[in-house]
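*Asks:* Sequence:
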Amino acid sequence: MIGAIASPTNIIELPQFTAAALDEVLVYSTGLSGAGNVVASTNDRTGAGAGPVLCIIDPRPFPLRDRVLADLGRRWKLSIMDQVVPNPASKDIMAMAEAARQQRPAAVLGIGGGSTLDSAKAVAMLLENPGDLDEYLGPDASRKPQSRCIPLLLIPTTTGTGSEVTRFGVYTVRSGRKYTLNSPVLQAETALLSPDLVADLPPALVAATGYDALTHALETLWNKNATALSDRLALEAAAAVLRSLEPAWRASQGQGPAAALAELQQAATLAGIAFNKTGTAAIHALSFILSEEWHLSHGAACAFFTQNIFDINMQDPAVRTKFLTLAKRVYAEAGESSASPLSDEGYLQYLRDRLVALKRLMGLPDRFSDIPGFTLPGNADEQEKIAALFDKAQNDFKLKNNPVPCTPELVRKLVLEKLQ
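Per my numbering, the very first residue in the sequence shown carries number 1443; after that it's consecutive.
Derived by calculation from the structure, the hints in this document are not laboratory data.
Please note that the accuracy of each hint is not assured.
Unchecked claim - List time: in silico DSBU-like cross-link candidates among lysine-lysine, alpha-carbon distance up to 30 Å: (1) 1860 to 1666; (2) 1855 to 1834; (3) 1827 to 1719; (4) 1519 to 1666; (5) 1533 to 1842; (6) 1533 to 1834; (7) 1764 to 1719; (8) 1770 to 1842; (9) 1586 to 1533; (10) 1764 to 1827; (11) 1533 to 1666; (12) 1719 to 1666; (13) 1666 to 1764; (14) 1586 to 1666; (15) 1834 to 1586; (16) 1842 to 1764; (17) 1834 to 1860; (18) 1533 to 1827; (19) 1842 to 1860; (20) 1533 to 1519; (21) 1666 to 1855.
Given these sequences and hints, build the entire structure.
*Replies:* The structure is reproduced here in structure tokens:
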């Protein structure tokens, strides 16, 4: 399904994640054994004098990945870096990039969740572009990525990032602000999907990354930059995530077929292809403040305001029409169509209720009291101070992609409601 859809990234689907299969993908995606590349022997794919394949991976133990890389290391020169943290910080990425420059790698391979893939993108970019990552980030960025020749291969091990097929990376600068870098230089040449890599995900990770994928699809569908093509992609992605997210979450607890996890993985990549054409919008802009201030994971932060932004955007007639189509499809796929038809308002309410129910079922935060360690403010002045923190989102280009303006006053109102 996914491989047939036009994307700047070539998407390869492997039924089984093995060293032999990854070896073939590396040969294909790097060209290291093709014309113009001399291979020393069949046991040294990177060739005499060539640098290693730089592998950027999650620090968490992952036996399958580690076995495959150990086997692959018999045929390729590999250099492993695992200093990735959630919501990756530019200072940590710069440390990896400086070490990588000394190695002169032949290719960059990222295996992991969104933070890992974004880190791999940035390191690959910095190998061929000067300066500090902070200089490329934020509204006052002094540099833009210019080019990248080193091959970049990304392999997601979660069910939501979409980073493997996008031109975006999300990074935290030294001041603590979180910014999106948008550049075709960050677009990987190759992405590899395998159901083996998501078969053993913990439920909390399925919940957070799967809901992130859902917001990618929703924010593409209501985006000011939407096109007929992005709408079709986003509609398919949203329906697929809504169909597979709960079964995948249950499967991660041994309560259903593992095929649901593979379906969610594909839906997440499809959502990535969709939002790569439009960018995201208000949900993601506000989520950055939640991650900056209270260190929520990206997916959990995206879930926080979802139904609130949904309500705001249903005021736009064109958006409302698109979401009515989605709501009717979700209603039918849930087996509800045998019941009496609903009014247009009823279908939209059904979809909204589904968004909220998924959050509650999977334990994702919906109010500030749901955030671990958060202490509710004791008076109105303290509440206003928290609400004022979200004024920072007004400088985020993602907020400007929202079809209905999210003014500082409107955002503060939403925040104050979440504090009650």
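*Asks:* Could you run down the list of hints and mark each one as holding or not?
*Replies:* We went through each hint and held it up to the structure:
Distance check on the hinted pair: residue 1860 and residue 1666 sit about 26 Å apart at the alpha-carbon level, within 30 Å; holds. For the hint pairing residue 1855 with residue 1834, the CA-to-CA distance comes to about 15 Å; that is within 30 Å, so the pair holds. Our distance criterion of 30 Å between C-alpha atoms is broken by residue 1827 and residue 1719, whose separation comes to about 36 Å. In summary, the hint linking residue 1519 to residue 1666 is not supported, as the alpha carbons are separated by about 46 Å, beyond the 30 Å threshold.
With a C-alpha separation of about 28 Å, the suggested pair residue 1533 and residue 1842 falls inside the 30 Å cut-off, and the hint holds. The suggested pairing of residue 1533 with residue 1834 holds, with an alpha-carbon distance near 22 Å, which does not exceed 30 Å. For the hint linking residue 1764 to residue 1719, the alpha-carbon distance of about 17 Å falls within 30 Å, and the restraint holds. Proposed proximity of residue 1770 and residue 1842 is supported: the alpha carbons are some 28 Å apart, at most 30 Å.
At most 30 Å may separate the alpha-carbon atoms for a hinted pair to count; residue 1586 and residue 1533 meet this at roughly 18 Å. Proximity of residue 1764 to residue 1827 is assessed by CA-CA distance (about 37 Å); at most 30 Å being required, the pair is judged violated. Among the hinted pairs, residue 1533 with residue 1666 is inconsistent with the structure: their alpha-carbon atoms are about 33 Å apart, more than 30 Å. Proximity of residue 1719 to residue 1666 is assessed by CA-CA distance (about 11 Å); at most 30 Å being required, the pair is judged to hold.
Note on residue 1666 and residue 1764: the hinted pairing holds, with a Cα-Cα distance of about 13 Å set against a maximum of 30 Å. Distance restraint check for residue 1586 and residue 1666: the Cα-Cα separation of roughly 24 Å lies within the 30 Å cut-off, and the hinted pair is therefore satisfied. A threshold of 30 Å between alpha carbons decides the hint, and for residue 1834 with residue 1586 the separation of about 23 Å falls inside it, so the pair holds. Distance restraint check for residue 1842 and residue 1764: the Cα-Cα separation of roughly 20 Å lies within the 30 Å cut-off, and the hinted pair is therefore satisfied.
Straight-line distance between C-alpha atoms of residue 1834 and residue 1860 comes to about 18 Å, which keeps the hinted pair within the 30 Å bound. For the hint pairing residue 1533 with residue 1827, the CA-to-CA distance comes to about 29 Å; that is within 30 Å, so the pair holds. Distance check on the hinted pair: residue 1842 and residue 1860 sit about 22 Å apart at the alpha-carbon level, within 30 Å; holds. A hinted pair counts as satisfied when its Cα atoms are at most 30 Å apart, and residue 1533 with residue 1519 qualifies at roughly 27 Å.
In summary, the hint linking residue 1666 to residue 1855 is supported, as the alpha carbons are separated by about 23 Å, within the 30 Å threshold.
In summary, the structure is inconsistent with hints 3, 4, 10, 11 from the numbered list given earlier, while agreeing with the others.
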